[in-house]
Amino acid sequence: MQLAGALTESGEVVCPGENIREGEEHPGPMRPGDSECSVLRGSTAVGTRTYERQERSQSLERRRDAVNSALFLAYGATGSLVTWLATRTRPTQT
Numbered sequence: 001m002q003l004a005g006a007l008t009e010s011g012e013v014v015c016p017g018e019n020i021r022e023g024e025e026h027p028g029p030m031r032p033g034d035s036e037c038s039v040l041r042g043s044t045a046v047g048t049r050t051y052e053r054q055e056r057s058q059s060l061e062r063r064r065d066a067v068n069s070a071l072f073l074a075y076g077a078t079g080s081l082v083t084w085l086a087t088r089t090r091p092t093q094t
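Taking my numbering, I'd label the letters of the sequence shown as residues 1 to 94.
For the record, the hints were derived by calculation from the structure and aren't laboratory data. One or more hints might be untrue.
[What the hints assert, rightly or not] Simulated restraints on C-beta separations:
(1) Leu40 to Ser10: 42 to 52 Å
(2) Gly79 to Arg41: 26 to 36 Å
(3) Arg41 to Arg90: 50 to 60 Å
(4) Thr87 to Gly11: 44 to 54 Å
(5) Glu52 to Glu25: 16 to 26 Å
(6) Thr50 to Ser10: 18 to 28 Å
(7) Glu25 to Ala86: 56 to 66 Å
Even glycine gets a Cβ: it sits at the ideal position worked out from N, Cα and C.
Please build the complete structure, drawing on both the sequences and the hints.
Pasting the structure below:
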């Protein structure tokens, strides 16, 4: 599921907490020039990010999700192949 999400995610930069623009909270995606996005863990603010930093953070997260998903897919395929090879019947020699 992560691979599909990483490959199809839109390019919108979304603040994971509160996006403050000109002193007011604004819902929805961030815009270039936005400078105060509160990053939340649960309900606690742990920092702020600019538009550029949030864009870079989302890009890195998508890339990490795609790589991890590809590795899990390869691991699963390899395991399935090994299991199939180990359990297939072999012809008897006379």
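For each hint, the structure was consulted:
1. Checked against the given bound of 42 to 52 Å, the beta carbons of Leu40 and Ser10, roughly 21 Å apart, lie outside it.
2. The hinted window of 26 to 36 Å between Gly79 and Arg41 holds, with their beta carbons roughly 34 Å apart.
3. In this structure, Arg41 and Arg90 meet the distance hint of 50 to 60 Å, their C-beta atoms being roughly 55 Å apart.
4. Here the CB-CB span from Thr87 to Gly11 is close to 45 Å, well matched to the stated 44 to 54 Å.
5. Separated by about 20 Å at the C-beta atoms, Glu52 and Glu25 satisfy the suggested range of 16 to 26 Å.
6. Our hint of 18 to 28 Å for Thr50 and Ser10 holds, since their Cβ atoms are close to 20 Å apart.
7. Distance hint check for Glu25 and Ala86: the Cβ-Cβ separation is about 58 Å, which falls inside the suggested range of 56 to 66 Å.
The structure shown violates just one earlier hint, number 1.
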